[in-house]
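A.B. asks: Generate the whole structure from the sequences, applying the supplied hints.
Just so you know, the protein sequences line up as chains D and P, in that order. Residue numbering for the first sequence follows my numbering, beginning at 1 and increasing consecutively. Residue numbering for the second sequence follows my numbering, beginning at 66 and increasing consecutively.
Just so you know, not all the hints are guaranteed correct.
[Said to hold, decoys possible] For the chain D half of the interface with chain P, some residues (derived, Cβ under 7 Å), not all of them:
1. Val11
2. Gln12
3. Leu23
4. Ser36
5. Arg42
6. Ala44
[As the list claims (entries may be wrong)] Some residues of chain D that are not near chain P, with every Cβ distance over 12 Å (derived):
7. Pro16
8. Glu20
9. Gly37
10. Gly52
Simulated from the structure, these hints should not be mistaken for laboratory data. Quantities reported herein were computed from a predicted structural model and do not represent experimental measurements. Cβ coordinates follow ideal geometry from the N, Cα and C atoms, glycine included.
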Amino acid sequence: MSSPSLSLRSVQLLVPWPEEIPLSALRGWIRQQLLSGGEPLRWAITAIEKDGDIRQIRLEAVLLG
Amino acid sequence: MSAAPLPTLMLVPTGIGCEIGGYAGDAMPAARLLAAASGCLITHPNVMNGASLYWSDTRIQYVEGYGLDRFAAAEWFLRPVRRQRIGLLLDAGIEPELGQRQIQVAQGCRASLGLDIGPVIHTDAPLQVTLALGASGASTGSLGRPDALLRAGERLRDAGATAIAVVARFPDDPASGALAAYRQGAGVDGLAGAEAVISHLLVRHLRLPCAHAPALDPLPLDPQLDSRAAAEELGYTFLACVLVGLSRAPDLIDHGNPQPGDLTADSLAAVVAPEGALGGEAVLACLERHVPLIAVANQSVLQVTPEALELRAKLLMAASYTDAAGLLVALREGINPEALRRPLAGLQILT
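C.D. replies: The structure is reproduced here in structure tokens:
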């Protein structure tokens, strides 16, 4: 039965893309980053920015808590 | 076409203002074309929902976005069906007359289309939908009472529904600049993000095909209405397309072994997505599994391109959905797409 304590939270994150994470592993890595805030219900990469040699990923997500 | 169907995933993310597909089911012509080219198209409600307008094609599998993500990640598989029994879930926050309009659509779909619909339930509390935009300009949103949504869904499932059409009351803002822009064929569908959250919640919780239609007051006539937004202003509801789509939506299977006829991630032969919107979970899951990606020119508010991702895997660029359809036919017939372009690269010679 559904609990009244179920909540939704929108988050926007900017995270550095580690060099050792290939594109083929990015989805799983991103899910791990989001899990610290709650179960990801809906998420996407909305931008990729370069800060020198470091790629930064912008994420927008809705998390369940 | 003699070649066997080529199971293809077609993605047009909702709420990012895609030039094709960012409005009222305006990606349907493209979906029809890709379904003809592939013989088996798996796509999501944003592509196929045109409010009062819809298209039913046995080659098209209607799968809600959360289910699509799980399918692409090989966590779930799809079992085509002849018919679903669609429970209708209405937000207690819908005014009685507007609620009756939704029920009349359901009645019409039963009588005139032969759809299996019922029962109907109202949530035990108003869902309290709110809308927002992310920093990217993409649409998002939330619910004040997700528990009420899920309780109602559970009751429909327990009463025998095998799919759920949900109608939530959305805030009216007829004077908003964003709505005016949308009606003129610009900007982002501000409702889309919250709609996705609602249907994602139900699919995640119930493992049933689900789709959402907003309940809104009708808008005054706009003589300058963009054609792509017109389908949403033909009637009192957005529900008919959802009922038609769900009527043959495949079952979502998260356990056991696939049966003959089931669609699994292993069977996916291509994914078609807008060139600048490659950062969603389903696309990334397909890239993990080396599914050939056809990136179509289809402008949106996002710029997550192959270059941004430094994508080096097998990638096919399409200038249009017509081009994409041609690429699908080539793949389906076993023709190397490189042979269709000039200049033709030389043979690789190993030393």
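A.B. asks: Taking the hints in turn, state whether each one holds.
C.D. replies: A quick look at each hint next to the structure:
The interface hint given for D:Val11 is broken, as the beta carbon of that residue sits about 10 Å from the closest beta carbon of chain P, more than 7 Å. Restraint check, D:Gln12 versus chain P: the minimum CB separation of about 5 Å is within 7 Å; hint holds. A least Cβ separation of about 6 Å between D:Leu23 and chain P falls short of the 7 Å threshold, and the interface hint therefore holds. Checking D:Ser36 against chain P by beta carbon gives a least distance of about 18 Å; that is not within 7 Å, so the hint is violated.
About 5 Å separates the beta-carbon of D:Arg42 from the nearest beta-carbon of chain P, less than 7 Å, and the hint is met. Taking 7 Å as the C-beta cut-off, the interface hint given for D:Ala44 holds, the closest approach to chain P being about 5 Å. The Cβ of D:Pro16 lies farther than 12 Å from every Cβ of chain P, with a closest approach of about 15 Å, so its non-interface assignment holds. The beta carbon of D:Glu20 is kept farther than 12 Å from every beta carbon of chain P, the shortest such distance being approximately 14 Å.
Here D:Gly37 stays apart from chain P, with its beta-carbon at least about 15 Å from theirs, past the 12 Å limit. With 12 Å as the threshold on Cβ separation, the claim that D:Gly52 sits away from chain P holds: the shortest Cβ distance comes to roughly 15 Å.
Checked against the numbered hints above, the structure breaks hints 1 and 4 and satisfies the rest.
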